[in-house]
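A.B. asks: Each chain, letter by letter, is given below.
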Amino acid sequence: MAEVKLEVKNLTKRFGELVAVDNVSFEVREGEFFSLLGPSGCGKTTTLRCIAGLEIPDEGKIFIKGRDVTMLPPQQRGISLVFQEFAVFPHMSVYDNLAFGLKIRGLPKDEIRRKVLTIAESLHLTDYLGVKAGKLGLSEQQRTALGRSIAVEPEVLLLDEPLTLVDAKVKESMRRELRRLQKELNITILYVTHDQLEAMMMSDRIAVMNAGRILQVGSPMEIYENPKNVFVAKFIGSPTINIVEAKLEKEDDMLKIVLNDVKLDIEKKLPKEIGEKYAGKNILIGIRPEDLLIFKEKSSPYDIKCSVDMVELTGNKMELHLKLGEMSIRALSTIRFDIEESSEIYLRIHPEKTCIFDRETEERIA
Amino acid sequence: MSIITRAIKYIFIGFCLLWVLIPVAWIVCLAFKPYPEWRVAYFLPKDPTLSNFVILFEPKQIIGMMGATAIVDPVTRPFINSIIVVGFSTIIAVFAGFFTAYGASRYNTPGPFSLFFTLLTRMLPPATFVTPIMVYYSNLKLLDTHLGLILLYAAVTVTYGIWILKGFIDNVPREWEEAALLEGATHSQVIFKVTLPLVKSGLVVAGLFIFLLNWAELLFALVLTNVNAVTLPVHISKYVGAVGQLYGPQAALGIISSLIPLIIGYIIQKHLVAAFTFGMVR
Numbered sequence: 001m002a003e004v005k006l007e008v009k010n011l012t013k014r015f016g017e018l019v020a021v022d023n024v025s026f027e028v029r030e031g032e033f034f035s036l037l038g039p040s041g042c043g044k045t046t047t048l049r050c051i052a053g054l055e056i057p058d059e060g061k062i063f064i065k066g067r068d069v070t071m072l073p074p075q076q077r078g079i080s081l082v083f084q085e086f087a088v089f090p091h092m093s094v095y096d097n098l099a100f101g102l103k104i105r106g107l108p109k110d111e112i113r114r115k116v117l118t119i120a121e122s123l124h125l126t127d128y129l130g131v132k133a134g135k136l137g138l139s140e141q142q143r144t145a146l147g148r149s150i151a152v153e154p155e156v157l158l159l160d161e162p163l164t165l166v167d168a169k170v171k172e173s174m175r176r177e178l179r180r181l182q183k184e185l186n187i188t189i190l191y192v193t194h195d196q197l198e199a200m201m202m203s204d205r206i207a208v209m210n211a212g213r214i215l216q217v218g219s220p221m222e223i224y225e226n227p228k229n230v231f232v233a234k235f236i237g238s239p240t241i242n243i244v245e246a247k248l249e250k251e252d253d254m255l256k257i258v259l260n261d262v263k264l265d266i267e268k269k270l271p272k273e274i275g276e277k278y279a280g281k282n283i284l285i286g287i288r289p290e291d292l293l294i295f296k297e298k299s300s301p302y303d304i305k306c307s308v309d310m311v312e313l314t315g316n317k318m319e320l321h322l323k324l325g326e327m328s329i330r331a332l333s334t335i336r337f338d339i340e341e342s343s344e345i346y347l348r349i350h351p352e353k354t355c356i357f358d359r360e361t362e363e364r365i366a
Numbered sequence: 001m002s003i004i005t006r007a008i009k010y011i012f013i014g015f016c017l018l019w020v021l022i023p024v025a026w027i028v029c030l031a032f033k034p035y036p037e038w039r040v041a042y043f044l045p046k047d048p049t050l051s052n053f054v055i056l057f058e059p060k061q062i063i064g065m066m067g068a069t070a071i072v073d074p075v076t077r078p079f080i081n082s083i084i085v086v087g088f089s090t091i092i093a094v095f096a097g098f099f100t101a102y103g104a105s106r107y108n109t110p111g112p113f114s115l116f117f118t119l120l121t122r123m124l125p126p127a128t129f130v131t132p133i134m135v136y137y138s139n140l141k142l143l144d145t146h147l148g149l150i151l152l153y154a155a156v157t158v159t160y161g162i163w164i165l166k167g168f169i170d171n172v173p174r175e176w177e178e179a180a181l182l183e184g185a186t187h188s189q190v191i192f193k194v195t196l197p198l199v200k201s202g203l204v205v206a207g208l209f210i211f212l213l214n215w216a217e218l219l220f221a222l223v224l225t226n227v228n229a230v231t232l233p234v235h236i237s238k239y240v241g242a243v244g245q246l247y248g249p250q251a252a253l254g255i256i257s258s259l260i261p262l263i264i265g266y267i268i269q270k271h272l273v274a275a276f277t278f279g280m281v282r
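Quick mapping for you: the protein sequence lines, in order, are chains A and B. The opening position of the first sequence corresponds to residue 1 in my numbering, with each subsequent residue numbered one higher. The opening position of the second sequence corresponds to residue 1 in my numbering, with each subsequent residue numbered one higher.
Incorrect hints may have been included.
[As the list claims (entries may be wrong)] Listed next, with one range per pair, are the computed distances between beta-carbon atoms:
(1) A:Gly315 - B:Ile4: 50 to 60 Å
(2) B:Arg6 - A:Arg176: 53 to 63 Å
(3) A:Thr164 - B:Asn171: 14 to 24 Å
(4) B:Ala96 - A:Arg213: 39 to 49 Å
[Claimed, not checked] Residues on chain A that point at chain B, a partial pick, calculated with CB under 8 Å:
(5) Ala52
(6) Leu54
(7) Pro74
(8) Gln75
(9) Leu81
(10) Phe83
(11) Glu85
(12) Phe86
(13) Phe100
(14) Arg148
(15) Val152
[Unchecked claim] Cross-link-like lysine-lysine pairs, in silico, DSS-like; alpha carbons within 27 Å at most:
(16) A:Lys234 - A:Lys281
(17) B:Lys200 - A:Lys135
(18) A:Lys103 - A:Lys115
(19) A:Lys103 - B:Lys200
(20) A:Lys103 - B:Lys193
(21) A:Lys132 - B:Lys193
(22) A:Lys277 - A:Lys228
(23) A:Lys263 - A:Lys228
(24) A:Lys65 - A:Lys103
(25) B:Lys193 - A:Lys109
(26) A:Lys250 - A:Lys298
(27) B:Lys270 - A:Lys135
(28) A:Lys281 - A:Lys228
(29) A:Lys115 - B:Lys193
(30) A:Lys132 - B:Lys200
If you are wondering where the hints come from, they were derived from the structure by calculation, not from laboratory data. Remember, it's a predicted structure, so these values are computed and weren't measured experimentally. All C-beta atoms, glycine included, are put in the ideal place defined by N, C-alpha and C.
Start from the sequences and build out the full structure, keeping to the hints where you can.
C.D. replies: Have a look at this one:
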């Protein structure tokens, strides 16, 4: 396994009464693209600022390459940071921006020049080198900022929502560029974002945060398929996962989920001892919209009748808003078919593809 | 309709311009009038002359014209004095103002209310503290010296530097400074390489404002200087005789005094546009 570049141990940061970061621990390995993902105000930026040295944590330690940097000033930590906004120095040319850190380190002129040109090349900035950075478009500015941060060869590159303000089309290509560059130069990146899609597309691993705590750490696929709790399940994936309430019943010594008169066999999914504990209780079932099968006719005893509330066609797929009793459910279909609003439709749920959560704690039980 | 509104607009603008420019035009015309025409109420001189200017540069003399007499030195020395005193005091006030404003803006020190007290010297009428200062200066041997005036001017006007520049610095996002810190810059490098260049327009406005105030300052200079450090406004006031004023040479002096501000204004005019949008650096 690759070397650990950044280690955060039991980090806590309070602002008065507010606990912005609550006992957060994680590690980032060399060459890894690690994302801190969470809604705004969840403490991800504060965590980043503590790592950068712009905030002093109240508790906990931060190690970069095994060295305790918790109390070191920012410039001695071997890190760079790209902000969401105001990332480039507007009064300097792109060249001077890229050369900023190198000049401060007192590198010889020709070496600076060589490095700047290489970076400008790989970020497609060669044509802009003489332009004042403040006059550039946002995407060029962000690329310049990125280049400036990479130029000093930081141990860890911190990115604080660098693509949020870039417009949608450019964003997509910049995501790919960033990922390519990261792999090419083997940069260790800690990426902060509230955009789950961005995190899913680029990261090797993601830490999902809420209310100052890390809820789950894992690869994008792990988190998508095996969310630890309802929050993570809901935060990842678009359209959002369906969470429906149902009763767990024991019938003929078999565990079944009761949903609108339909009984689903869940024996394979739910380990016996857990099933025993929850038998007779209400539970939450999470199921991704794309995992629902839709039928126009009832074709098996497991099909659940729903009414169609709204249909959204996005071109290559259809998003159906369904009503199951009081609950609303979203389903995604890649096959297009004619369906009228407020008509009836049948859903089939595969128990293997569901996640089951405790109704009280909202933690995953199976 | 549009022609009428337009006409009204231009008449209004014309009126405003006249209001401002007539005194200036009067001074310019007066400067070229010979003595007999000084008190006559028409603009253009009938018999234009340069004698009012020439007289200013002549060695120490008693100027006397029909009852209006004055003993005056040539204008060269006060002119150079003004440039030295106002130049240095402006530079000191702007930079001291910048660093104070930086501290106040970034660290909330010494607190917003304390910053208000920097205006104290501007709340008192200068006449109230010119006498104590004269006593201090007399003890410190600073009377009639460049240094004395420079220090006083800088101290009195630094508050404008602080207040103007604080607005500009507040508008510089901290992210820029933080990014520079992370890139390895020390705090002073951050200030000199990032913050200072970003508030360049602010430095220009504050500088111009302070320069003009000090350039026209009369009271302090009148009380605290005598021979060596006399500034232009004081020099102008010397063209007053026992019986009457020497209007012609005073007008000529007025024109000479406005040369430096005019040149400075011309050089920095491109900054002024940016500057009057007050601190919008983005």
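A.B. asks: With reference to the structure, classify each hint as holding or not holding.
C.D. replies: Hint check:
no. : hint                            : result
1   : A:Gly315 - B:Ile4: 50 to 60 Å   : holds, 58 Å
2   : B:Arg6 - A:Arg176: 53 to 63 Å   : holds, 57 Å
3   : A:Thr164 - B:Asn171: 14 to 24 Å : holds, 22 Å
4   : B:Ala96 - A:Arg213: 39 to 49 Å  : holds, 48 Å
5   : Ala52                           : holds, 6 Å
6   : Leu54                           : holds, 5 Å
7   : Pro74                           : holds, 5 Å
8   : Gln75                           : holds, 5 Å
9   : Leu81                           : holds, 5 Å
10  : Phe83                           : holds, 4 Å
11  : Glu85                           : holds, 7 Å
12  : Phe86                           : holds, 4 Å
13  : Phe100                          : holds, 6 Å
14  : Arg148                          : holds, 7 Å
15  : Val152                          : holds, 6 Å
16  : A:Lys234 - A:Lys281             : holds, 22 Å
17  : B:Lys200 - A:Lys135             : holds, 17 Å
18  : A:Lys103 - A:Lys115             : holds, 11 Å
19  : A:Lys103 - B:Lys200             : holds, 22 Å
20  : A:Lys103 - B:Lys193             : holds, 11 Å
21  : A:Lys132 - B:Lys193             : holds, 15 Å
22  : A:Lys277 - A:Lys228             : holds, 19 Å
23  : A:Lys263 - A:Lys228             : holds, 25 Å
24  : A:Lys65 - A:Lys103              : holds, 25 Å
25  : B:Lys193 - A:Lys109             : holds, 18 Å
26  : A:Lys250 - A:Lys298             : holds, 25 Å
27  : B:Lys270 - A:Lys135             : holds, 17 Å
28  : A:Lys281 - A:Lys228             : holds, 20 Å
29  : A:Lys115 - B:Lys193             : holds, 21 Å
30  : A:Lys132 - B:Lys200             : holds, 15 Å
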